[in-house]
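Student: Here are the chains, one letter per residue:
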Amino acid sequence: MTRRQILMFAFLEGGLVMLLELVIPHVLSPVLGNSMETWAKLILLSVGGLAIGYFLGGILAKKQVLPNLFNLLLISFVSSLLAFSIITYSNQNQLFSNEVISAYLIAFTGLFFPTVCLASTTPLLIQEISDQSNSAGLVFSNSTWGGIVFTLLTGFMFIPNLGLVKSLQLFLILLSVMIVLVTWKSDQKVRKNLSYIALLISFLVLIFGNTTQETRDVQLLQMKEGLNGQLLAVERKVNDTISERTLFINRMGQTWIRVINGSTVASVWSYPGIIKSLASYHGKNPSSALVLGLGGGIVPLFLADKSQLNYTIDAVELDKDIVKFAQDYFFLSDAVNVIEDDARRYLNANEQKYDLIVMDIFNGEIAPSHVLSLEALEHVKRALNPNGFVVINFNGHITGEAGISARSLWKTLLSSGFQVSLLPTFEKGERNKNNLFIASLKPIDFSKFTIPITYFEENKMKEYRPEKNESQ
Amino acid sequence: MTKIIAYIIVVLEGGALLSYEIMASKMYTPHVGATLYVWTSILTLTLIALALSYRLSQKWVEQQKWYILPYALIISGLYILLMVFFRNEILTVTYSMELVSAALFTGLILLLIPIMGMGITSPILSGWLTENQSKESNNSAGNFAGIIYGLGTLAGVGMTLISLFVAMPQIGVNNTLMILASLLIISGGLSFNLMKKNS
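Heads up: the sequence lines are chains A and B, in that order. Residues in the first sequence are numbered from 0 upward in steps of one, following numbering that gives the first Met the number 0. Residues in the second sequence are numbered from 0 upward in steps of one, following numbering that gives the first Met the number 0.
It is worth saying that the hints were derived from the structure and are not from the lab. Take these hints with a grain of salt, some might be off.
Listed below are the simulated DSS-like cross-link pairs for lysine-lysine, each with C-alpha atoms no more than 30 Å apart in a straight line [said to hold, decoys possible]: (1) A:Lys61 x B:Lys25; (2) A:Lys62 x B:Lys58; (3) A:Lys188 x A:Lys223; (4) A:Lys323 x A:Lys432; (5) A:Lys447 x A:Lys432; (6) A:Lys380 x B:Lys25; (7) A:Lys62 x B:Lys25.
Based on the sequences and whatever the hints tell you, model everything.
Tutor: Dropping the structure here:
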């Protein structure tokens with residue numbers, strides 16, 4: 000191999016490792032979650048693969064370089080192809096009874112083994128170039144620049160615009176091109192044929208590797224992979240006049256609405272209606288509301304009801320695709336001023352005052368901690384008018400181990416100087432309900448709500464009216 | 000013995016590098032959130048710093064300027080200490096930036112200098128070992144590179160697990176960062192000793 004070819008290989012090798020390191024954790028986030036711990040585990044799996052690969056490459060560098068290079072790239076290709084097959088199969092069918100097993104199988108076949116093989120090529124390339132100079136730094140430098148270019152492309156272009164599946168297809172094509180290049184001048188027919196087969200397979204995967212499946216009852220409105228993972232909007236016809244629409248982010252339901260006659264919207268979950276009732280504390284006086292976390296936009300939609308309330312509404316949402324989903328499928332009102340930013344960043348820089356702040360932020364299944372820390376709540380306090388209050392939508396667990404995070408939030412709110420009331424929604428069981436934390440700087444007179452909190456029990460509409468502030 | 004000291008330096012530096020990279024996400028979140036952009040910024044800036052350090056160290060290896068290594072490690076350690084105390088004040092400037100720029104700027108401040116300093120360790124030490132030890136130990140350039148980079152990365156995995164799941168929950172982010180800074184200063188001292196002995 001020429002010096003230029005070696006350096007180009009190092010560039011591509013570094014780039015492809017980084018592509019996998021960004022794409023695979025996002026593929027797995029619907030199952031494994033999106034927390035820092037999950038990211039750290041998967042990055043460690045990748046870095047562990049690099050370490051093993053470097054050792055392995057160091058050993059193989061004592062033997063023939065080109066045949067080993069071909070073998071390593073081919074193993075990497077086969078392993079990634081297996082991962083791709085599991086991913087596309089798992090989108091429609093269940094491979095194992097426990098989907099976490101599938102996730103880790105994808106992590107090993109799609110991230111760990113390809114990383115080991117790709118990293119092993121680096122010492123081989125160093126060995127190949129070392130006749131010319133002491134060039135470990137040069138080869139690693141090219142590999143690293145490949146990593147930089149592909150990290151930027153993957154993070155800012157491939158994933159947000161092409162999605163995860165297409166990014167993986169791109170990986171397979173580039174890897175098969177590398178295999179073909181290794182055997183280009185080889186007189187070994189078997190290797191040459193195998194390299195062409197790999198290239199052919201990667202193109203077949205590109206053409207036939209994307210399928211979606213609809214059931215008879217549920218119609219897919221749109222599926223998109225982007226900044227926060229997989230967005231999915233589906234519709235189910237209940238009867239001729241009523242249909243239900245659901246927004247999923249990483250397979251977790253975020254918004255579930257009932258559409259009557261194509262225009263009237265009701266929430267299947269009770270919490271948006273309860274927040275609307277709480278918002279009526281300010282009656283029809285001109286008021287301002289900040290909604291952190293948009294989802295399908297049902298909370299701002301309810302707050303924008305001018306027949307009962309009089310709010311100007313700012314909504315902060317990080318992902319522009321979610322905003323588009325809310326507008327296209329969940330009737331997000333034009334009256335809502337949508338700001339594309341991270342909620343904590345918005346709070347850090349914000350100088351406006353609000354009468355109501357609704358925090359409805361979930362990253363998949365997790366309420367992001369950096370928005371609910373003492374420091375973040377200081378910014379929330381600063382953004383409240385003296386008579387304003389905050390409503391935090393949180394998961395329904397409050398007892399036992401599952402309720403630790405809710406109890407921690409309660410304590411954090413108290414430590415921040417808020418007066419806090421807890422209003423669980425009316426669904427049955429902690430697993431199904433939400434907890435609404437109502438936090439204010441002054442005691443709230445619950446009798447001032449003009450829209451009663453209503454709920455269904457035993458097929459009857461009932462009304463709930465808290466009698467006094469339960470602040471602690 | 001010389002080789003063992005070189006390997007210890009790589010283990011200390013490799014452990015500190017990856018742990019610092021992973022822990023950087025905790026320093027990002029109060030200022031730029033916790034999104035794909037944060038991890039893209041961390042990975043990009045880490046790799047830019049490594050690429051620059053590999054390119055520079057390539058020149059230094061050719062010129063046999065081994066003495067740069069201890070200074071680079073000590074500067075990295077001191078820079079991390081600086082970040083422990085002043086990052087929150089410095090990063091307030093990101094509030095007026097657009098999110099992607101803010102994420103990249105944060106990476107520039109937190110990662111570029113210390114990771115460049117740490118990144119020169121593996122190429123300089125593998126060059127130094129090839130130059131000084133290959134005849135004695137019968138190892139090739141590829142062989143030394145494999146051992147050095149493998150050892151450093153493996154130490155990174157181990158140290159990151161300890162930092163993330165033991166140190167950080169027990170003693171917090173800042174104290175863990177101070178431990179990492181200490182490891183770098185110790186490895187700087189060791190490499191100063193190593194280069195002095197063999198000069």
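Student: If a hint holds in the structure, say so; if it does not, say that too.
Tutor: Quick rundown of the hints versus the structure:
The hinted pair formed by Lys61 (chain A) and Lys25 (chain B) fails the criterion: a straight-line CA distance of about 42 Å is larger than 30 Å. Proximity of Lys62 (chain A) to Lys58 (chain B) is assessed by CA-CA distance (about 28 Å); at most 30 Å being required, the pair is judged to hold. A threshold of 30 Å between alpha carbons decides the hint, and for Lys188 (chain A) with Lys223 (chain A) the separation of about 42 Å lies outside it, so the pair is violated. Distance hint between Lys323 (chain A) and Lys432 (chain A) is fulfilled; the C-alpha atoms sit about 28 Å from each other, no more than 30 Å.
The suggested pairing of Lys447 (chain A) with Lys432 (chain A) holds, with an alpha-carbon distance near 25 Å, which does not exceed 30 Å. For the suggested pair Lys380 (chain A) and Lys25 (chain B), the alpha carbons sit about 23 Å apart, so the restraint of at most 30 Å is met. Under the criterion of a C-alpha separation no larger than 30 Å, the hint pairing Lys62 (chain A) with Lys25 (chain B) is inconsistent with the structure, at around 43 Å.
Violated hints, in rising order: 1, 3 and 7; the structure is consistent with all others.
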